[in-house]
Every structure is written in structure tokens, then in C-alpha cells.
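Novice: Residue numbers (the numbering used here), protein chains in the order written: chain D, 685 to 1026; chain R, 685 to 1026; chain A, 685 to 1026.
Quick caveat, the hints were computed from the structure, so don't treat them as lab data.
Check the hints yourself; a few may be wrong.
For chains that are exact copies, the list does not tell them apart, and a pair is met inside one copy or across any two.
[Claimed, not checked] Taking lysine-lysine and the DSS-like style, the derived pairs with C-alpha atoms no more than 27 Å apart in a straight line are:
| # | residue 1 | residue 2 |
| --- | --- | --- |
| 1 | Lys884 | Lys935 |
| 2 | Lys787 | Lys801 |
| 3 | Lys884 | Lys1005 |
| 4 | Lys787 | Lys935 |
| 5 | Lys787 | Lys884 |
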Amino acid sequence: MSPTPVALSELIAALGGDLLGGSDLQIAGIAPLDEADERSIAFLANPRYQVQLATTRAACVIVAPALAEAAAARGAAIVTPDPYLYFARLTQWWAQRTRPAAKAGVHPSAIVSPDAKLGQGVEIGPLAVIESGAVIGDHARIGAHCVVERDAHVGERTRLAPRVVLGYGCRIGARGLVHSGVVIGADGFGFAPSRDGYVKIEQLGNVTIGDDVEIGANTCIDRGALADTVIEDGVKLDNLIQIAHNVHIGKRTAMAGCGAIAGSTRIGANCTIGGAANIIGHLNIADGVHISACTTVTRDITQPGVYTGTYPFEENSSWQKNAATLRQLHTLRERVRALEKK
Amino acid sequence: MSPTPVALSELIAALGGDLLGGSDLQIAGIAPLDEADERSIAFLANPRYQVQLATTRAACVIVAPALAEAAAARGAAIVTPDPYLYFARLTQWWAQRTRPAAKAGVHPSAIVSPDAKLGQGVEIGPLAVIESGAVIGDHARIGAHCVVERDAHVGERTRLAPRVVLGYGCRIGARGLVHSGVVIGADGFGFAPSRDGYVKIEQLGNVTIGDDVEIGANTCIDRGALADTVIEDGVKLDNLIQIAHNVHIGKRTAMAGCGAIAGSTRIGANCTIGGAANIIGHLNIADGVHISACTTVTRDITQPGVYTGTYPFEENSSWQKNAATLRQLHTLRERVRALEKK
Amino acid sequence: MSPTPVALSELIAALGGDLLGGSDLQIAGIAPLDEADERSIAFLANPRYQVQLATTRAACVIVAPALAEAAAARGAAIVTPDPYLYFARLTQWWAQRTRPAAKAGVHPSAIVSPDAKLGQGVEIGPLAVIESGAVIGDHARIGAHCVVERDAHVGERTRLAPRVVLGYGCRIGARGLVHSGVVIGADGFGFAPSRDGYVKIEQLGNVTIGDDVEIGANTCIDRGALADTVIEDGVKLDNLIQIAHNVHIGKRTAMAGCGAIAGSTRIGANCTIGGAANIIGHLNIADGVHISACTTVTRDITQPGVYTGTYPFEENSSWQKNAATLRQLHTLRERVRALEKK
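Using the sequences plus the hints, can you model the full thing?
Specialist: As C-alpha cells, this is what we get:
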């Protein structure tokens, strides 16, 4: 991955941790234990994988104190209380070493309104459009083909990957990362029925996004009908997610790809929502709730905990028999009741 | 939301309705009953929320005749047969007052083929691409970064938000609204298996979309294999929806986000399809069918009605027990039958 | 569809097959049997539709040898061992006849780094961005508004439709087709929890895509965390699919729209995955596995076969009763067991 290897001592100087042995070892990449070679650094966070210590070829393994001895017996080791967190910080340091630095400045092909406000050290990519009244915070990076509409705000050091739409009046805070294809601020889905068909309810709210938020590719966050749709600080959204109008997502909640939150639902802080899970509209979900993948939530959840509603898959012919019986389940219960009465 | 408040009398002059009291009141915004302040107008459409009349701070409430007295007892009121429809029209009027007017003209950075036909009062945004033979109707608005491919048609007063692709030969009628990231006219998914792998079936049809259609962000509508994929007048599609090749959706059907309609399925008029509901291919769905959210439709529906197939979620440990039993459901029925025979 | 009809004899000269009668017939289009007119060619691949032979108005029907006599009795016929494959090849030939040829060259509005390498006969569309170190193979076509980031590779004769993002360091092989809105190489979704919130795990891998791969509109394929996400030769992905980091999809596997494959899952060769089916992370799926639409796969599948887990939909009031009973299914089994003991 990296053209220039780095000495373990340099890595330790940057990230801390106790190094056991091998400070002169040159590291050329980061790898999983079972794919590492003699120039790789690996980590062991889950004790389940401890057996891999015996076979990994990694030059150095990041481990917790309990495994320090075992790791050092086979080669260099970095000892740290939380190896997975250390690994995360290592990937950040590695990315910074190996990726090109941001180039402050406005690409000559970008179309920036004279009424937009650009902070210091801002990078505006090729063919980006920044409309009137938009505000781009210091050191923010706006990728190629992005559209930042009128009066939208991008916080300090937030990065929009190529081809993001940030709708008029919408705001994202500091240190955010928005991936390609994201649409923030499309209209919420609201219509009044009439004899002549649906009459559009213009969506007059905006989208307000806090600091340290990451938003995955092709995810959509609609603007509110009257008040704003709100994503609080530290929320992480994966790809292809739909956040409907007036949803409110609490701090540090994380949501895996392809799920949807329907209109006006309020989700607490520190929740996790599995992939392709859906939550219908106008619900309240408490703090600390964990929704399993592919679950449909149809009523309020008032207590923290793990909630699931995934249809068990099976070999097709078994499924056919069971699914057919499922359609008669209520009748089956009545039959059991009748038997019990006898 | 609005910098310039407006007198209730002016609002009534524009939208009609019977005003009870307060014609000089200045309205600065529209809000839900429970969030309204003394400069807001609110509406009460659902009698369930009637108790909020006593506590709302709204300057004026839009109500049906049955609630006129109760509403007028607490402040100004607008009386109208359908408060929700009135509210929808109010949001439209409000948006028109407060949003910048369209600017007719072609942005100098747009790339418009000399063979494209642009109607009167058309707005073409920055960096849009309009290919040869494309036709843009009067007063249509094409957003930044849109691509209108060769021989595609955009009807009068239809608006494409920034970054929409309208594929070659595809058509959308009048007064439509297409949100960012929509792809109309990508290839349908068709392959013939062969000993050497899949052989592509070129998709030779187009997409034909009627008048008054709204299409949500990042939704995809594929072109037909031979004949066209058809979306009739007044259809409303939310975000992240997949409409496969040769689907036909009847008039005024509405579909919430994240669902998919597989190839060649025909959906009637005046249906509603809940969020994340899926309909498999080659089916016929009658007029007036309502599909609940997250339901999978696997066979024809010939009668209007409400249809559901959502797995009930529950606390994870209960789910585990019930899901395990579900895999033995057919056997359980056999056991009940055996008991009954005794 | 086509302005210029073609004689059947010319069609046979290009595609082969045995023509029975009608070599002078002029064909103006391809149509399904039941929509064909006197200037159309149709095909009959599924014996179930044999009755349509009696009523179709098609000028010529493509049939298997077993139906040659019946087809020739009513008009011209092309006899070929695999009519569906012949039809696929016919659509390709037809598309080539009727669509404008690629125009080699770089559109003057495209922004191509001087450090990018463009092969022979390459077409770069309007407003495309090709970054430093990118390599575009011979006769590849890059659509309008595409972004090919630094060091990304596009193989020979691969076509990117308008508005595709191919992330830095990602590769796609030869003869691929990538539809609009696709995002290849956004970050995988990886974070380490900490007391101060989630800490991002930078995604240091790339995406590697083989030859002859088609990717549908608005689909996302994330880059790997350490190693690459891999899509092997001949894979076909429909629209709005999510492929998470470090997924591996084997040769000639096809996946219909709107499904998701979670992180590090490995899918074999020659699988089919139905629409809106989801596979959770860290699983192994064998070769030759067929997953039904809307199924959630939650554990390894080691044997080829058909696997299903779709909740059966029904009329809403029946569903309510059955779903309520489902929540007590385990208890119901206990009651049956108690009855059996008596």
C-alpha cells in the first residue's frame, strides 16, 4: 500500500504504546493477522483470534497487555489497552503519510458565487458549484462536481467527496465526511390528497447536521416539511440510507447501509441500527437501542436492548411448507386451544 | 423561515377560506400546532389533535367548519372544508413568496448541443449537458450538472434538480419534479445465459413518464427491454426506489422510499406502496391496492385492499425462540393434526 | 425503434441461424410475441408461450428446432438451438445498427490530468474529470461528469455511463459497463468505539473489478479496509446495490437490484441473488447458490441450492392475527408438547 516503509520506532513516536522488540523493523503495510507478511503490522483485538498469533507472519502485532508475553515471544509487539482503537488511529496516521495532501485553492473550473464565503485553506474541486450565500468553513474540502446550494453551510475541516449535493439552507458541522452521491436536502415526501390528485406540500424546513458526522455514498437526507431534519454530533451513516423529513437522530448513533427511517421518527443517542433495517414513521426510539439487520420496527421502543425481526431463511422447499403454514398460524392456535379444552 | 412577515388578510386574499378574526395579524412562518409561536400559522386536520388547540401559541389555526368555534375562541382561525389541503396550498404559496424566482437562460458553463430544442423561458443550470435532439419544454428548469441525453424530452414547467440523468430517448411530461441523483433510462437488467457466461440483452426501449410526476432523490427507473417502461400521470415516487424495465405504474399511485418493483410488473392506479416494500416481477396489481411498508408481494393482487407481510420484531431473545420454532412450523402443524386424530 | 428496416437475409448473414421463408421481409423492430406487428421479429424461448404462435402478428419468429414446423406454418421463422441467446445477440446487433457510434476524443470541457494515460480510441465525455495517474484503456468510453480519481484504472472497451465515480486506486477490467450514479471506492464503514465517540478506521484498500462486469445505476462498491474488495470476471450487479468493504464476489454471479452484501462476506461463483436480498457480514456462500428475492442470509451456505426467507404477505387483517400469534409461537410449541405428554 505504501511506497515508503517506516520504522516501528517512528510509528511508536507518533502513536504511543509500549514496543517490545524490533524498533528498527521496517513496516510497509497494515494487514489482518492471517494475511500479514514479514513487512506488515497486524492487530489482535478479539481473543478468539489468539491462535493466529502462532502462525501469523506479521513483523509486529498490536496486542492488549494480557497477550503481551505471547506476542513478544514470536516477534515485535506493541502493547496498548485497546488494540482496536490503536489500529484505528494507526490507519489514520498511515493514510496521512501515504495520501496526497489537500491542495488549498479554488479549481479554475469551479463556479463559485461572488456572494459565497470561503474560509481559510479551503479546497474547491473541479467543476464544483458554490451558490450565493453558501459558507465554506476553514480548511473544508469540496470535491469535484459538488453542488453547495444557496445559503448552505459546510463546517470547518469537513470534506465532501466528489459529487455531493448540499441543498439550499442546509448545514453540516465540523470535521464531517460526506461520500459521493449523497443528496442532502431533497424534498421530503409530502402530499395532500385532493379530487384532482396529490397536491404537493412544499418542504420548507432544512437539514441540520452536527459535527463529526460521516455519511455514506448515495445516502439521502430529506429536508423537513416545516421544522428541520436533524442529525446530531458524531452520527455515522453508511451507504444508500434514506432519512425522511423531520427525522431526528441522536448523538453517536450509527446506522449500517440500506436502511430507512420514515418521516418524523426520533431516534435516541448511542443506538446502532443494522443494515437494511427500517423504522416506520412517527416513532420514538430510546437511547441505547440496538436494531438487528433487516428488522422492521413498527412501534416505539422505550427500553435499551437488542431488537430483532428477521425472517429465518432456509432451503426453499422447507420454506415453502413453513410459509404456507404461517398463513394458517392463527387457526393452528385455535386448534391447540380446542385440544386443550378437551 | 421567511424574512418578511405577511398579514393574514393577504394570505386569505391569495388562498381563500373564511377568516375569523385577526386580519391584521402578521404571520412569519408555518409551524405544527405544538411548535408554533405567536407569529406562526398552524393547521388542525386530524381531530385527534384537537386537544392541542387549547395549548398552541399559534397566531392562527386552519380548521374545518366543525372546529371553527373552538378555534376562534382562542385566536384567529381560517375555516375551510379540507384543512390539510389548504395547508398544502399554503406551503406552495409560501415557497413562492420566499424562494428566489427561476432565472430563465442558459448558464454560460452549460454544454447545449446546437441540435437541442429549448422552449421559452427555459433555465439551464451551470455545467448541465443537453445532447443533440433533446427537447426542453417551455419554462422547464434543468439544474446544475444534469445530463439530458440525445432525443430525451422534458415537458413544460418540469424541473430537474441538480444532477439528474435523463437517458437517451426518454421522456417526462409537464409540471414534473425530479430530485437530485435520479437516473432515468439506465439499462434494464437482462442477460441470456450461455456457456461463455451471460450475454447482454441490449435494452432497446425507453422510459415514458407522464405529467405531474415527482421522483425522489437517487431513484432509478430503467429503460425497457423492447417496449418502454411507463410511469403514468400523477405518480409520486420517493427516494432510492428501483423501477425495473417494462414496469407500468398507473395514474396517481404513490410509493414511499426504498422499495423496488421488479421487471414487467404492472401496478394499477391510485395504489399506495409503503416504504421498503418490494414487488417481484411479472405480476399484476389491481387499482386501489395498498401495500404496507416492508412487505414483499410475490403474487398477483386482483382486489383493492390493504396487504401486509411484515415480520413482527421483538426483543432479541424472544425472537430467537420464535424464529427457531418457525423453522419447525410445518412439523408443529403435523403434530397438532396427530393430536386431533386421537 | 429503428428508422431503417433491415431485410431478414441481412440479419441472418450477421447472426446465423436457419431461415425458413421470408428472406426479403423487412424488419423494423424487435417485439414480444404478443406486441409484435407485421414488421417485427419476435422470439419464442419458453414452450409455455407456444400458444402465442397462433395469434402473433410477427413477421418472423425465432424458435428452437422442435417448434420449427409450427412456426414456419404461420410465417417466416429462424431456427436456432437457443432462441433466447439468439435474441440477446440480435439485440446487440440491433443496438449497434441504430445507436450513434462512439466518438473517440476528449471533449474540450473535460479536465484530464497531464499525468493520466489515455489509450487509443478513448472517448472522454463533457465535464469528466480524470485525475493524475489514472489509466484509461484502449477504446474505453468515459461519460459526461464522470470522475476517475488518481491512479484508478479503466480496462479496454469498458464504458462508464455519465456520472460515475471510480475512486483512487480502484480498477475495473475490460469490456465492463458501469451505469450512472455508481460509486466505486467510497470508504467502507469502519469505526472503533472510544470514550470520545467513534474513531474512524481509514479504509486503505481499493476495489478490484474483473472483466465483463456490469454494474447498475446508483450501486455502491466500497473500498476495502486493508485488502481490496473484489468483484470477479463476468459478475452482473443491478441497480442500488450495496457491496461493503472486503466483500468478494465470485465469477459470473448475478445480483438483482437493491440487495446488500455486508462486510467481508465471500460469495461463490455462478450464484444468483434475488432482488432486495441481503447477506450479513463475514459469511461464506458456496458456488451455485441461489438466494430468493427479499431473503436475509444470516449464516454460511455450504451447499448449492435454492434458499428462501420471505415473509408471506396476505390481506392485512389476516396478517395481524397471524403476526400476533407468531410472537407466541414458542409458547404454542410448548403447549403442543404438553398436550402430547398427556
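Novice: Determine for every hint whether it applies to the structure shown.
Specialist: How the hints compare with the structure:
1. Only between protomers do Lys884 and Lys935 lie at most 27 Å apart by alpha-carbon distance; the minimum there is 16 Å, versus 32 Å within a single protomer.
2. For the homomeric pair Lys787 and Lys801, the shortest alpha-carbon distances inside one copy (18 Å) and between copies (22 Å) are both at most 27 Å.
3. In this assembly of identical chains, the alpha carbons of Lys884 and Lys1005 never lie at most 27 Å apart, being 45 Å within a copy and 36 Å across copies at closest.
4. Proximity of Lys787 to Lys935 under the C-alpha cut-off of 27 Å is found in neither arrangement, the shortest distances being 32 Å within a copy and 40 Å between copies.
5. Only between protomers do Lys787 and Lys884 lie at most 27 Å apart by alpha-carbon distance; the minimum there is 22 Å, versus 43 Å within a single protomer.
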